[in-house]
Amino acid sequence: MSVVIGNIISLLASVLMTYSGYIKSKGKFLIVQIVQMSLSALSNFILGGITGTIINLVNIIRNVLCYKNKLNKYSIILILTLSISLSLYFNNLNFIGLLPLLSTILYTTLMNIKNIKKFKYLTITTMLLWLIYDICIMNYVSALFDLLTIGSNSIAIYQLKNIAKK
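Mapping of the sequence shown onto the numbering used here: residues 1 to 166, in sequence order.
Some hints could be false.
What the hints assert, rightly or not - Label-pair restraints from in silico Cβ distances:
#	residue 1	residue 2	range
1	Leu71	Lys118	19 to 29 Å
2	Lys161	Leu88	33 to 43 Å
3	Asn112	Met1	35 to 45 Å
4	Ile5	Ile77	31 to 41 Å
5	Asn162	Asn94	40 to 50 Å
6	Leu128	Ser85	19 to 29 Å
Said to hold, decoys possible - Cut-off 25 Å, straight-line C-alpha distance, at most; resulting in silico cross-link-like pairs (SDA-like, lysine to any residue):
#	residue 1	residue 2
7	Lys26	Ile79
8	Lys120	Tyr67
9	Lys24	Thr123
10	Lys118	Ile105
11	Lys165	Thr123
12	Lys24	Lys120
13	Lys24	Leu160
The hints are simulated quantities; they were obtained by calculation from the structure and are not laboratory data. Glycine residues also receive a C-beta, built at the ideal position from the N, C-alpha and C atoms.
Using the sequences provided together with the hints, build the complete structure.
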């Protein structure tokens, strides 16, 4: 029963994540993402994914700081330190439990990439890590959305390469 409930909550989070892509205001985008990450944290918790829960909760803090224009290199270091220490302490899934942490470290440290193709590759890499994690904790809805995100970014890279050839 917990798998069904976790996946229903995950569906709500995934719909919000998809919806956030259409929002034009950074402030509204961050607020919707905060709600989405709250639902994702709850879904991960129900499905036994403690490190996924931690990463989503810490990313809420990151988004709140960003919303208040207080996200700087010091807060990023604090966020990464919090993510690393809590994930290592509470990890209940061995190597699999470290995948959300690795994804967050990669994304947080490299998210300022200016080259759009490199950013798309970063997104694909981080989503692959979440895909493996989501499958392992039976978060099938999130896994499907991970695949869709990987696919849409792959298509975008292909299109960007074709534009560059012209």
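Comparing the hints with the structure gives:
no.: 1; hint: Leu71 / Lys118: 19 to 29 Å; verdict: holds (21 Å)
no.: 2; hint: Lys161 / Leu88: 33 to 43 Å; verdict: holds (39 Å)
no.: 3; hint: Asn112 / Met1: 35 to 45 Å; verdict: holds (42 Å)
no.: 4; hint: Ile5 / Ile77: 31 to 41 Å; verdict: holds (36 Å)
no.: 5; hint: Asn162 / Asn94: 40 to 50 Å; verdict: holds (42 Å)
no.: 6; hint: Leu128 / Ser85: 19 to 29 Å; verdict: holds (25 Å)
no.: 7; hint: Lys26 / Ile79; verdict: holds (20 Å)
no.: 8; hint: Lys120 / Tyr67; verdict: holds (23 Å)
no.: 9; hint: Lys24 / Thr123; verdict: holds (20 Å)
no.: 10; hint: Lys118 / Ile105; verdict: holds (16 Å)
no.: 11; hint: Lys165 / Thr123; verdict: holds (23 Å)
no.: 12; hint: Lys24 / Lys120; verdict: holds (20 Å)
no.: 13; hint: Lys24 / Leu160; verdict: holds (22 Å)
Checked against the numbered hints above, the structure breaks none of them.
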